[in-house]
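Undergrad: Sequence:
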Amino acid sequence: MRKIILLSFSISFLFSIDGKIVFNDGTTVDGQINSVNMSSIYITPIGLNFPEEIIIDNVDSLKLDNGKLLVAGNQVLLLYSNGQFTAPGVEKSINQQESSYPVEYVLVPNYSFNLYTGYPLIKASSFEMYNDSDPVIGLSIGTPYGFFLSNFFVNMIVEIAKYNFNEPEGQKRKFGGWAFQVGVSPGFFIGNTSISLTAATGKFHEGTGFITGGSIDIPIGKIIIEKYGDLSLVESLEEQLEAFEIRFTSRANIVQKAKSAADAGGATGWIGAGISLGYEF
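In the numbering used here, the protein residues as written are 5 to 285.
Treat the hints with care, as some may be off.
Listed below are the simulated BS3-like cross-link pairs for lysine-lysine, each with C-alpha atoms no more than 25 Å apart in a straight line [claimed, not checked]:
no., residue 1, residue 2
1, Lys127, Lys72
2, Lys231, Lys67
3, Lys231, Lys261
4, Lys166, Lys127
5, Lys263, Lys207
6, Lys127, Lys231
7, Lys166, Lys176
8, Lys72, Lys226
Simulated restraints, written as ranges between beta carbons of each label pair [unchecked claim]:
no., residue 1, residue 2, range
9, Tyr123, Lys72, 44 to 52 Å
10, Asn28, Phe117, 46 to 54 Å
11, Asp136, Leu73, 57 to 65 Å
12, Tyr123, Leu237, 50 to 58 Å
13, Pro92, Tyr232, 29 to 37 Å
14, Ile164, Lys72, 14 to 22 Å
Just so you know, the hints here were simulated from the structure itself, not pulled from any lab data. Just so you know, even glycine gets a beta-carbon here, dropped at the ideal spot from N, CA and C.
Could you build all of it, start to finish, from the sequences and the hints given here?
TA: Printed below as a string of C-alpha coordinates:
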(Lines of atoms letter the chains of each structure in order from A and count residues from 1; the text may use other names and numbers.)
(Lines give C-alpha, C1' and ligand atoms only; values in the text may rest on other atoms or scores of the structure.)
Protein backbone atom coordinates (compact mmCIF):
# COMPACT_ATOMS: atom_id res chain seq x y z
CA MET A 1 0.00 0.00 0.00
CA ARG A 2 2.83 2.40 0.84
CA LYS A 3 4.42 1.79 -2.58
CA ILE A 4 1.10 2.54 -4.29
CA ILE A 5 0.77 5.86 -2.42
CA LEU A 6 4.34 6.87 -3.28
CA LEU A 7 3.75 5.93 -6.93
CA SER A 8 0.60 8.05 -6.98
CA PHE A 9 2.50 11.08 -5.69
CA SER A 10 5.30 10.48 -8.21
CA ILE A 11 2.85 10.36 -11.13
CA SER A 12 1.18 13.53 -9.85
CA PHE A 13 4.49 15.42 -9.84
CA LEU A 14 5.44 13.99 -13.24
CA PHE A 15 2.37 15.43 -14.98
CA SER A 16 2.17 18.77 -13.13
CA ILE A 17 1.58 21.98 -15.11
CA ASP A 18 1.97 25.63 -14.14
CA GLY A 19 -1.05 27.75 -13.30
CA LYS A 20 -2.59 30.36 -11.02
CA ILE A 21 -5.48 30.02 -8.56
CA VAL A 22 -7.59 33.11 -7.80
CA PHE A 23 -9.58 32.81 -4.56
CA ASN A 24 -13.04 34.27 -4.00
CA ASP A 25 -11.52 37.23 -2.09
CA GLY A 26 -9.08 38.07 -4.90
CA THR A 27 -5.93 36.58 -3.36
CA THR A 28 -3.84 34.37 -5.63
CA VAL A 29 -1.36 31.52 -5.50
CA ASP A 30 0.95 30.39 -8.31
CA GLY A 31 2.46 26.95 -8.64
CA GLN A 32 2.37 23.55 -10.30
CA ILE A 33 -1.11 22.09 -10.77
CA ASN A 34 -0.95 18.39 -9.93
CA SER A 35 -4.60 17.48 -10.41
CA VAL A 36 -8.13 18.91 -10.55
CA ASN A 37 -11.28 17.02 -9.59
CA MET A 38 -14.85 18.10 -8.87
CA SER A 39 -14.12 18.96 -5.24
CA SER A 40 -10.45 19.92 -4.98
CA ILE A 41 -7.37 21.31 -6.68
CA TYR A 42 -3.96 19.96 -5.75
CA ILE A 43 -1.26 22.58 -6.26
CA THR A 44 2.40 22.74 -5.27
CA PRO A 45 2.92 26.48 -4.53
CA ILE A 46 6.13 28.10 -5.71
CA GLY A 47 8.78 27.56 -3.03
CA LEU A 48 7.20 24.41 -1.58
CA ASN A 49 7.93 20.76 -2.28
CA PHE A 50 4.58 19.10 -1.59
CA PRO A 51 1.08 19.75 -2.93
CA GLU A 52 -1.64 21.56 -1.00
CA GLU A 53 -5.34 20.71 -1.31
CA ILE A 54 -7.56 23.68 -2.19
CA ILE A 55 -11.34 23.28 -1.93
CA ILE A 56 -13.16 24.23 -5.16
CA ASP A 57 -15.79 26.22 -3.23
CA ASN A 58 -13.04 28.67 -2.20
CA VAL A 59 -11.76 29.15 -5.76
CA ASP A 60 -13.00 31.78 -8.19
CA SER A 61 -10.84 30.64 -11.09
CA LEU A 62 -7.91 28.46 -12.12
CA LYS A 63 -6.01 29.47 -15.23
CA LEU A 64 -2.98 27.71 -16.67
CA ASP A 65 0.02 29.64 -17.94
CA ASN A 66 -0.90 28.58 -21.48
CA GLY A 67 -4.25 30.36 -21.14
CA LYS A 68 -6.43 27.28 -20.59
CA LEU A 69 -9.19 27.89 -18.02
CA LEU A 70 -9.96 24.92 -15.76
CA VAL A 71 -12.17 26.60 -13.13
CA ALA A 72 -14.38 29.70 -13.43
CA GLY A 73 -16.89 31.04 -10.90
CA ASN A 74 -16.51 28.05 -8.56
CA GLN A 75 -17.38 25.73 -11.47
CA VAL A 76 -15.01 23.07 -12.77
CA LEU A 77 -14.76 23.36 -16.56
CA LEU A 78 -12.08 20.72 -17.09
CA LEU A 79 -10.72 17.93 -14.93
CA TYR A 80 -6.99 17.22 -14.91
CA SER A 81 -5.17 14.06 -13.89
CA ASN A 82 -1.98 12.30 -15.01
CA GLY A 83 -1.45 14.75 -17.86
CA GLN A 84 -4.97 14.31 -19.28
CA PHE A 85 -7.82 16.83 -19.51
CA THR A 86 -11.39 15.51 -19.38
CA ALA A 87 -14.78 17.20 -19.27
CA PRO A 88 -16.69 16.72 -16.01
CA GLY A 89 -19.57 14.24 -16.11
CA VAL A 90 -23.21 15.13 -15.73
CA GLU A 91 -23.30 13.83 -12.18
CA LYS A 92 -21.30 15.58 -9.49
CA SER A 93 -18.54 13.73 -7.75
CA ILE A 94 -19.72 12.00 -4.63
CA ASN A 95 -16.86 13.75 -2.84
CA GLN A 96 -18.27 17.20 -3.60
CA GLN A 97 -20.06 18.63 -0.58
CA GLU A 98 -22.76 21.30 -0.54
CA SER A 99 -21.80 22.50 2.91
CA SER A 100 -19.65 25.59 3.33
CA TYR A 101 -15.93 25.25 3.95
CA PRO A 102 -13.61 27.55 5.85
CA VAL A 103 -11.63 29.67 3.41
CA GLU A 104 -8.09 28.43 2.92
CA TYR A 105 -5.45 31.09 2.33
CA VAL A 106 -2.04 30.15 1.00
CA LEU A 107 0.82 32.56 1.62
CA VAL A 108 3.53 31.62 -0.82
CA PRO A 109 7.10 32.17 0.44
CA ASN A 110 9.16 34.30 -1.93
CA TYR A 111 11.40 37.36 -2.09
CA SER A 112 9.97 40.84 -1.55
CA PHE A 113 11.32 44.38 -1.32
CA ASN A 114 9.73 47.14 0.77
CA LEU A 115 10.80 50.78 0.85
CA TYR A 116 9.67 52.39 4.10
CA THR A 117 9.37 55.94 5.34
CA GLY A 118 7.79 57.03 8.60
CA TYR A 119 7.85 59.65 11.31
CA PRO A 120 8.31 59.31 15.09
CA LEU A 121 5.05 60.18 16.87
CA ILE A 122 5.67 59.17 20.49
CA LYS A 123 9.07 59.30 22.24
CA ALA A 124 10.30 57.85 25.51
CA SER A 125 10.81 60.34 28.36
CA SER A 126 14.58 59.80 28.13
CA PHE A 127 14.39 60.90 24.51
CA GLU A 128 12.35 64.09 24.83
CA MET A 129 15.31 66.44 24.49
CA TYR A 130 15.58 65.37 20.85
CA ASN A 131 12.45 67.27 19.81
CA ASP A 132 13.56 67.73 16.22
CA SER A 133 13.61 64.58 14.08
CA ASP A 134 13.89 63.61 10.45
CA PRO A 135 11.71 60.99 8.76
CA VAL A 136 12.94 57.44 9.25
CA ILE A 137 13.69 55.67 5.97
CA GLY A 138 14.50 52.03 5.37
CA LEU A 139 14.60 49.02 3.10
CA SER A 140 13.23 45.64 4.13
CA ILE A 141 14.03 42.49 2.15
CA GLY A 142 11.79 39.49 2.71
CA THR A 143 13.16 36.04 1.93
CA PRO A 144 11.48 32.70 1.14
CA TYR A 145 13.29 31.14 4.11
CA GLY A 146 11.33 30.52 7.26
CA PHE A 147 8.77 28.14 8.70
CA PHE A 148 5.03 27.50 8.74
CA LEU A 149 3.17 28.28 11.95
CA SER A 150 -0.36 26.92 11.79
CA ASN A 151 -1.82 28.28 8.52
CA PHE A 152 0.62 31.12 7.88
CA PHE A 153 4.26 31.43 6.92
CA VAL A 154 6.89 33.17 9.08
CA ASN A 155 9.66 34.34 6.79
CA MET A 156 13.10 35.72 7.57
CA ILE A 157 13.77 39.38 6.76
CA VAL A 158 16.77 41.70 6.54
CA GLU A 159 16.38 45.43 7.19
CA ILE A 160 18.47 48.58 6.76
CA ALA A 161 17.18 51.85 8.23
CA LYS A 162 18.36 55.45 8.68
CA TYR A 163 17.16 57.58 11.61
CA ASN A 164 18.17 61.02 12.92
CA PHE A 165 17.12 63.04 15.99
CA ASN A 166 18.36 66.50 16.98
CA GLU A 167 18.36 68.76 20.02
CA PRO A 168 17.78 72.20 18.43
CA GLU A 169 18.72 74.20 21.55
CA GLY A 170 21.13 73.93 24.45
CA GLN A 171 23.87 71.38 23.79
CA LYS A 172 22.47 70.67 20.30
CA ARG A 173 23.14 66.97 20.63
CA LYS A 174 22.38 64.53 17.85
CA PHE A 175 21.25 60.93 17.97
CA GLY A 176 21.14 59.04 14.71
CA GLY A 177 22.76 56.70 12.26
CA TRP A 178 22.18 53.45 10.42
CA ALA A 179 20.51 50.31 11.73
CA PHE A 180 21.19 46.81 10.38
CA GLN A 181 18.72 44.16 11.51
CA VAL A 182 17.47 40.63 10.93
CA GLY A 183 14.13 39.28 12.02
CA VAL A 184 10.88 37.54 11.14
CA SER A 185 7.70 38.75 9.48
CA PRO A 186 4.60 36.54 9.64
CA GLY A 187 1.65 37.30 7.39
CA PHE A 188 -1.98 36.27 7.80
CA PHE A 189 -5.55 37.30 7.00
CA ILE A 190 -8.32 38.74 9.16
CA GLY A 191 -11.37 38.36 6.96
CA ASN A 192 -10.29 39.76 3.61
CA THR A 193 -7.63 42.03 5.13
CA SER A 194 -3.98 41.04 4.82
CA ILE A 195 -1.90 41.75 7.94
CA SER A 196 1.88 41.60 8.30
CA LEU A 197 3.80 41.66 11.58
CA THR A 198 7.49 42.39 12.09
CA ALA A 199 9.98 41.63 14.86
CA ALA A 200 13.68 42.31 14.31
CA THR A 201 16.88 43.02 16.20
CA GLY A 202 20.34 44.18 15.26
CA LYS A 203 22.99 46.85 15.45
CA PHE A 204 22.20 50.56 15.81
CA HIS A 205 24.78 53.36 15.90
CA GLU A 206 25.23 53.24 19.71
CA GLY A 207 24.45 49.59 20.43
CA THR A 208 21.82 46.96 19.86
CA GLY A 209 18.17 47.63 19.22
CA PHE A 210 14.84 45.90 18.79
CA ILE A 211 11.72 46.74 16.80
CA THR A 212 8.20 45.35 16.60
CA GLY A 213 5.47 46.46 14.27
CA GLY A 214 2.47 45.68 12.18
CA SER A 215 1.04 46.76 8.87
CA ILE A 216 -2.12 46.57 6.80
CA ASP A 217 -1.42 45.52 3.22
CA ILE A 218 -3.29 47.27 0.41
CA PRO A 219 -2.98 45.43 -2.95
CA ILE A 220 -2.89 48.67 -4.92
CA GLY A 221 -1.72 46.88 -8.06
CA LYS A 222 -4.77 44.61 -8.11
CA ILE A 223 -7.04 47.60 -7.46
CA ILE A 224 -5.56 49.35 -10.49
CA ILE A 225 -6.10 46.23 -12.61
CA GLU A 226 -9.73 45.93 -11.50
CA LYS A 227 -10.51 49.58 -12.30
CA TYR A 228 -8.36 50.16 -15.37
CA GLY A 229 -7.69 46.65 -16.66
CA ASP A 230 -9.17 47.49 -20.07
CA LEU A 231 -6.35 49.97 -20.78
CA SER A 232 -3.60 48.51 -22.96
CA LEU A 233 -0.83 49.85 -20.71
CA VAL A 234 -2.36 48.30 -17.59
CA GLU A 235 -2.98 45.03 -19.42
CA SER A 236 0.64 44.85 -20.57
CA LEU A 237 1.88 45.45 -17.00
CA GLU A 238 -0.65 43.18 -15.28
CA GLU A 239 1.91 40.70 -13.92
CA GLN A 240 4.08 43.48 -12.46
CA LEU A 241 1.10 45.36 -11.01
CA GLU A 242 -0.20 42.23 -9.25
CA ALA A 243 3.05 42.10 -7.25
CA PHE A 244 2.86 45.76 -6.14
CA GLU A 245 1.32 46.78 -2.80
CA ILE A 246 1.18 49.62 -0.29
CA ARG A 247 1.44 49.04 3.46
CA PHE A 248 0.32 51.35 6.26
CA THR A 249 2.75 50.62 9.07
CA SER A 250 3.30 51.33 12.76
CA ARG A 251 6.50 50.45 14.62
CA ALA A 252 7.90 50.52 18.14
CA ASN A 253 11.67 50.96 18.46
CA ILE A 254 13.85 50.25 21.52
CA VAL A 255 17.53 51.23 21.17
CA GLN A 256 20.58 51.67 23.37
CA LYS A 257 22.17 55.01 24.22
CA ALA A 258 25.87 55.23 24.97
CA LYS A 259 26.84 56.61 28.37
CA SER A 260 28.52 60.04 28.26
CA ALA A 261 29.09 63.15 30.36
CA ALA A 262 25.79 64.57 29.14
CA ASP A 263 23.78 61.35 29.10
CA ALA A 264 23.36 58.51 31.59
CA GLY A 265 22.97 56.00 28.77
CA GLY A 266 20.65 53.02 28.95
CA ALA A 267 17.74 52.32 26.65
CA THR A 268 15.30 54.64 24.95
CA GLY A 269 12.85 54.45 22.11
CA TRP A 270 10.01 55.83 20.06
CA ILE A 271 6.84 54.77 18.26
CA GLY A 272 6.35 55.82 14.67
CA ALA A 273 3.94 55.41 11.79
CA GLY A 274 4.49 55.47 8.08
CA ILE A 275 3.96 53.93 4.70
CA SER A 276 5.89 51.43 2.60
CA LEU A 277 5.88 50.47 -1.05
CA GLY A 278 6.37 46.76 -1.64
CA TYR A 279 7.05 44.49 -4.58
CA GLU A 280 6.76 40.72 -4.30
CA PHE A 281 8.64 38.47 -6.71
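Undergrad: Now tell me, hint by hint, if it's right for this structure.
TA: Taking the hints in turn, this is what the structure says about them:
1. Lys127 with Lys72: violated, 56 Å
2. Lys231 with Lys67: Cα-Cα ~21 Å, so holds.
3. Lys231 with Lys261: Violated. Lys231 to Lys261 sits at ~49 Å, over the 25 Å cutoff.
4. Lys166 with Lys127: Status holds; Cα separation ~17 Å.
5. Lys263 with Lys207: Holds: Lys263 and Lys207 sit about 17 Å apart, inside 25 Å.
6. Lys127 with Lys231: violated, 41 Å
7. Lys166 with Lys176: holds, 20 Å
8. Lys72 with Lys226: holds, 21 Å
9. Tyr123 with Lys72: 44 to 52 Å: Since the Cβ atoms of Tyr123 and Lys72 sit about 49 Å apart, the hinted range of 44 to 52 Å holds.
10. Asn28 with Phe117: 46 to 54 Å: At roughly 29 Å between Cβ atoms, Phe117 and Asn28 fall outside 46 to 54 Å, so the hint is violated.
11. Asp136 with Leu73: 57 to 65 Å: holds, 58 Å
12. Tyr123 with Leu237: 50 to 58 Å: violated, 34 Å
13. Pro92 with Tyr232: 29 to 37 Å: With a Cβ separation near 35 Å, Pro92 and Tyr232 satisfy 29 to 37 Å, so the hint holds.
14. Ile164 with Lys72: 14 to 22 Å: Violated: the Cβ-Cβ distance is about 43 Å, outside 14 to 22 Å.
The structure shown violates the earlier hints numbered 1, 3, 6, 10, 12 and 14.
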